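A.B. asks: What follows is each chain in one-letter form.
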Amino acid sequence: MANSLKPAQQYWRANLKLLAICLTVWFVVSFGAGILAADFFNQWRLGGYPLGFWFAQQGSIYTFVGLIFFYAKQMNKLDQKYQQGE
Amino acid sequence: MDLQSMIYLVVGGTFLIYMGIAILARAGSTGEFYVAGKGIHPVANGMATAADWMSAASFISMAGLIAFIGYDASAYLMGWTGGYVLLALLLAPYLRKFGKFTVPEFIGDRFYSNGARIVAVICLLVASITYVIGQMKGVGVAFSRFLEIEFEAGVMVGMAIVFVYAVLGGMKGITYTQIAQYVILIFAYTVPAVFISLQLTGNPLPQLGLGSEMASGDGIYLLDKLDATLKDLGFAAFTEQKGSDMNLFLLTMSLMIGTAGLPHVIIRFFTVPGVKEARSSAGWALVFIAILYTTAPAVGAMAMFNVLKTVQPEVTEVAGTEQALPAKVNSLEVTDKPQWFSTWENTGLLQVEDKNGDGQIQYYNDKNPDFAAKAAEQGWQGNELTKVDRDIMVLANPEIAQLPNWVIALVAAGGIAAALSTAAGLLLAISSAISHDLLKRTFKPDISEKAELNAGRMAMAGAILIAGYLGINPPGFAAQVVALAFGLAAASIFPALMMGIFSKRINNHGAIAGMLAGLLTTLLYIFAYKGFFFVQGTELFANTPDNWWLGISPEAFGAIGALINFTVANVVARTTAEPPAEIAQLVEDIRTP
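Taken in sequence, the protein lines are chains U and C.
For the first sequence, this note's numbering assigns the number 1 to the initial residue and increments by one for each residue that follows.
For the second sequence, this note's numbering assigns the number 1 to the initial residue and increments by one for each residue that follows.
So that you can see chain U by itself, here it is in the shape it has in the complex (with noise of 0.2 Å):
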């Protein structure tokens, strides 16, 4: 199935772009938010939280579970598209 390759190519580069894209956003709500520009968010405040603390105790975990959920559903559009595709 030496046609079937390209279709399989495509799918494995988009996948690549949304990896990037979903570990770019986990990266920034823990290590940037949570860590290392903790001080800088904790001028401002949510609620009680100041902001930087939230993002470390509560905001970064919440992100990750819809993380995970908008790559499960990206992906199960792109398997369609592929699907079809061949």
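Worth flagging that the hints you see were computed from the coordinates, not collected in a lab.
All figures in this text were calculated on a predicted structure; none of them were measured in a lab.
No false leads were mixed into what you were given.
Here are the simulated lysine to any residue pairs, SDA-like style, with alpha carbons at most 25 Å apart: (1) 504/C to 10/U; (2) 337/C to 306/C; (3) 6/U to 98/C; (4) 367/C to 349/C; (5) 17/U to 591/C; (6) 77/U to 97/C; (7) 231/C to 72/C; (8) 328/C to 375/C; (9) 6/U to 90/C; (10) 6/U to 587/C; (11) 231/C to 324/C.
Fit chain C to the known structure of chain U by using the hints.
C.D. replies: For chain C alone, kept in the frame of chain U given last:
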């Protein structure tokens, strides 16, 4: 009903549930024994994964850790949840597509090498055995504290229970038991948290309560009040960072990639029907984990506040307000100690000593030189709450908040459920590595399925006996779960799996060299600060932040070990022969669902 009978009733009831499941869910084939027949619904697997993952440490110790180190505990909160993003995006779907039974099996097949398989088995065994000893200890502690039986007897009861459902049911029995255990543990964790959040802030959701104003109505936020009280007693504020950015960053990274590389978690994703389900199941697992992990900061902060309020009521009262402290600060009278104080003093987890003989107990930071003058002014001669074990923050929480007896009984059952569910998952990872990877795939390939299933059961029984023995007589490495289990998973297993999926160029030599390099540098770094094989006196440097290389703690070194693994594997693979064509085909296959 008195507390003791209530605890026996609730804990006994949960054991009956586990036994019932053991009888209903027996494994008839190796497929059922190793991966529950690959028929578990993604939401059910998510719940089982959450119980598998959340151990005695998550349930009992984490909130206490947060209570005492505040913001810096974020490394654990983010590390132990963010790892699921890596697992869901980079590993689980592809390993599920590969479709075999164990983690070393993937490494052995992808790198076409029994050497790689055996290195992976060794890492798996070291990480899992270190981890399971802690669980057995956790079971023993929960039993001895709540059921007032001997620690050793507690461990043996725990072993007997796990034996029945894990040996009979394998992954199938473990999965259904873990679902029941998740329900028990999450209920046990959140019920006291909701009550306490209501008492302190009037908000029933602890996640919101922690960011709310005090219920007392003076318009002060709980976190501000807690920060101010701690500072008034010479401690660092709860929300303030104490360690360096660098160490916090690397510790979080090590915990994340370690989490994604722990075999007992990965194999849970082999039990779902397909790739699509593996992706969504990781999301569900994190939903169920996040319920506990986002509650934990509130439990930690509120428990700390309640302790401060009990011991230093006058300081707590004025902290964060315009009012000044009275000239003479009164603390908790020795004669007025609440009931829970005496209860936990009896267990040795809480100790007080009236050093200045004023009949009151002062709790303050006597190690802070800037606070010494203030303390001297008050006539305080040292911190008198000489020991507060971190575990008390969860275990005594219902008593501190004066919650009803059934809540206390529930916490006992929850702690035991958390320890048993994790122990069972680890025992399965250990036994499948022995009966499948070592026996079937390496040393005795012609073994029949029936014989392999029996070997799996025997390996499981053996692992339970060893884990129980080591739980009662813990060796030096038992306390090093974070450094050893997460460090090894991060430095050896995670990079090997990731490169096996995302690179076609990494060959057998590269993978083995990379794993060994990551493993050995990480072990060496840990041993240099904690003693060779954790024998006291053999460490090369004292384990203090000043001595750490670039300020990196031994627990945080796994991320560096992973980097070394990636580098060495790439260099070696590019200077040796390319993998054969069928391996490139295997990689293509796992990439397409």
